[in-house]
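One letter stands for each residue in the lines below.
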Amino acid sequence: MEHASLRLENLTRVFGQTTAVDRVSLDIAPGQFVGVIGRSGAGKSTLLRLINRLIDPTDGKVTFGDTDVTTLKGRALREWRRDCAMIFQQFNLVERLDVLTNVLVGRLAGRGFLSSMAMQFSDEERTMAIQALDRLDLVPQALQRAGTLSGGQQQRVAIARALVQNPRIMLADEPIASLDPGNATRVMEALRTINKEDGLTVLVNLHTLDTAREYCDRIVAMRAGRVMFDGTAVQLTDDVVRDIYGSEGLEEFNEAVTSTAARVRETA
Amino acid sequence: MTTQITDADIAAAKERVPYAFRAPREVILRRRIVYGFMIALFIWCIFDFEFIRVVLFDYDRRTDTWSFEPWQTFYEYNRRTKEWSFNPWLPVERLYAGIYKAQAFFEWPRIDFSWEEWGMIAKGLGETLSMAFLGTVLGAALAFPLGWMGAKNILPLSFIRVPTRRGFDFIRAFETLILAMIFIRAFGLGPLAGILAITVSEIGTFAKLFAEAIENTSEKPVDGVKASGGSALQRIRYAVMPQVNPVILSIILYNFESNTRSGTILGIVGAGGIGFMLSDRIRAYRWDEVWTIIILIIAMVYIIDWLSGRVRQRIIGSWDGAR
Ligand SMILES: Nc1ncnc2c1ncn2[C@@H]1O[C@H](COP(=O)(O)OP(=O)(O)OP(=O)(O)O)[C@@H](O)[C@H]1O
Ligand SMILES: [Mg+2]
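First to last, the protein sequences are chains Y and P. Quick note, the first sequence lines up with residues 1 to 268 if you use my numbering. Quick note, the second sequence lines up with residues 1 to 323 if you use my numbering.
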């Protein structure tokens with residue numbers, strides 16, 4: 001289980017007329033930092049949601065080691081979701097709950113009915129949550145209401161929530177798209193640290209080329225639901241991008257990122 | 001940017017976004033007809049219910065004929081002196097006489113009650129307050145599970161949800177006062193009938209308001225909890241309830257306020273509380289005592305409003321968590 005790899009085989013999802021994800025096959029080795037890039041509507045979010053089973057595929061399957069993820073149900077499905085943590089562009093925290101409880105939500109999959117309805121957590125779990133918050137420099141905010149935090153802080157709370165799930169894989173759907181460059185850098189650095197220190201597989205959607213080049217071992221480029229490129233950052237030259245997206249596509253990618261990229265180089 | 005806008009440009013823009021421009025003629029016409037109708041209805045009501053009395057025709061019983069005599073609006077006939085006299089206030093005479101009579105009912109409130117009598121009044125006020133409290137709490141407790149059943153995001157199965165929602169509407173169609181009169185028949189005079197009337201009518205109102213509050217919650221935190229492996233009930237507990245609980249509490253407090261007011265009315269039909277004493281005093285023409293009670297009711301309602309306003313503000317600013 002520990003060193004299992006994630007495989008997508010002919011994964012397809014159709015919404016009405018549009019095929020959001022079209023026969024995607026990928027083999028992701030444990031500990032890889034994979035970036036998925038592509039224009040708006042390329043199917044990046046749908047791909048991640050399929051892996052986490054927030055939505056079900058129309059065709060194809062996802063396997064992790066020997067387990068077929070696509071057939072999981074009930075408790076096993078909830079445990080799979082715990083094992084492959086997900087963070088969202090809009091953070092998706094419960095704003096009226098305090099930061100600590102938001103992090104403890106990551107422990108819900110293993111809890112019984114009564115104790116979770118009463119919002120009871122053990123001292124071990126609370127300590128786990130505090131340690132996770134400490135890794136993201138958020139201990140002082142632990143008892144603050146999540147909605148009062150800045151965007152960058154909220155995204156780091158979401159990462160802490162993902163961490164206490166003790167996941168095997170970390171999925172991130174455009175985690176920095178609504179953050180300013182400074183906060184974007186902190187969030188990306190946090191993901192990198194988790195990847196290096198804990199050996200977690202990270203699969204992150206990005207819409208900016210430079211960020212992808214800066215952080216990812218491997219880059220997957222999508223267009224209209226299909227994988228158009230799969231290789232290292234070095235292989236993804238401007239010429240390749242121009243081939244896939246046309247010259248306007250290259251411009252679009254570079255424009256959006258320049259500020260983030262500049263900050264990244266500065267701090268790195 | 002001082003390019004000249006040509007007629008062709010305007011026509012083209014109109015073609016693309018017709019509703020960005022002046023509404024089409026038939027829309028304007030329809031609007032005017034609706035406004036005209038509303039104004040005409042208002043004016044007709046003012047005259048028909050004799051806020052302002054206007055005489056246009058006079059009926060002569062002997063000859064059985066109508067004659068056009070608009071001057072009668074300002075001239076009145078005195079049977080004894082058999083003379084017509086001019087009175088410019090004649091159109092609003094009835095309104096004026098009413099106000100005059102109403103103020104004649106005002107007497108200085110009586111305060112020299114014995115301790116025993118004060119005790120009775122306090123008991124009446126307390127009874128109305130507890131009727132409102134118990135009715136509201138019972139209604140809310142029964143409506144709480146129903147509200148979740150009526151919310152689309154909780155129960156997507158429309159063959160259960162839709163009949164449930166229609167059920168709320170059915171209950172709400174019964175005015176609390178009518179329910180009180182029914183329950184007095186069933187359970188006899190006294191506060192029990194009043195409490196049940198408030199409870200039943202609040203079930204309908206609360207369940208509907210709760211269901212709407214639940215539907216208005218954000219879906220994002222729910223996805224967040226789901227992606228962490230939370231079960232359906234855990235998603236409700238951790239993502240929906242924190243959003244909806246303050247709203248529900250504030251709805252309950254607000255309706256408690258309004259039930260304190262309507263609880264007074266229930267007393268008048270015999271369902272216990274201060275209203276019972278009030279109607280008793282009105283029947284006995286004890287206007288001084290009536291005014292004492294009215295002032296005390298106003299004070300009570302005012303205090304409850306103020307208190308629950310403060311509580312509501314605190315609830316909205318607060319949050320819960322795993323403590
Ligand atoms: N729930 C849904 N119902 C219908 N269509 C959907 C749904 N979710 C996604 N789609 C469609 O699937 C396609 C891919 O959407 P997706 O959100 O995966 O793109 P994306 O690459 O994440 O884009 P963005 O960068 O804008 O987030 C789009 O055409 C979208 O309209
Ligand atoms: Mg997306």
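Careful, some of the hints might be misleading.
[To be verified] Keeping only pairs whose Cα atoms sit at most 20 angstroms apart, straight-line, the calculated EDC-like set for lysine to aspartate or glutamate is:
| no. | chain 1 | residue 1 | chain 2 | residue 2 |
| --- | --- | --- | --- | --- |
| 1 | P | 220 | Y | 189 |
| 2 | P | 152 | P | 169 |
| 3 | P | 152 | P | 223 |
| 4 | P | 220 | Y | 125 |
| 5 | P | 123 | P | 257 |
| 6 | Y | 73 | P | 257 |
| 7 | P | 220 | Y | 95 |
| 8 | P | 101 | P | 288 |
[What the hints assert, rightly or not] With the C-beta cut set under 7 angstroms, the calculated list includes, among others, these residues of chain Y facing chain P:
| no. | residue |
| --- | --- |
| 9 | 82 |
| 10 | 106 |
| 11 | 128 |
Everything labelled a hint here was simulated from the structure, so no lab data went into it. Fair warning: this is a prediction, and the values are worked out from it, not measured in the lab. In this text, a Cβ means the ideal position worked out from N, Cα and C, and glycines have one as well.
Verification of the supplied hints:
1. P:220 / Y:189: With a Cα-Cα distance of about 25 angstroms, the restraint between residue 220 of chain P and residue 189 of chain Y is violated, given a limit of 20 angstroms.
2. P:152 / P:169: Roughly 16 angstroms between the alpha carbons, so the hint for residue 152 of chain P and residue 169 of chain P holds.
3. P:152 / P:223: Holds, at about 16 angstroms.
4. P:220 / Y:125: Violated. Residue 220 of chain P to residue 125 of chain Y sits at ~24 angstroms, over the 20 angstroms cutoff.
5. P:123 / P:257: Distance of about 19 angstroms is within 20 angstroms: holds.
6. Y:73 / P:257: Violated: residue 73 of chain Y and residue 257 of chain P sit about 48 angstroms apart, past 20 angstroms.
7. P:220 / Y:95: holds, 10 angstroms
8. P:101 / P:288: holds, 16 angstroms
9. 82: OK, holds: residue 82 of chain Y within 7 angstroms of chain P, min 4 angstroms.
10. 106: holds, 5 angstroms
11. 128: At about 13 angstroms, which exceeds the 7 angstroms cut-off, the nearest Cβ of chain P leaves the hint on residue 128 of chain Y violated.
Hints 1, 4, 6 and 11 from the list above are not met by this structure, while the remaining hints are.
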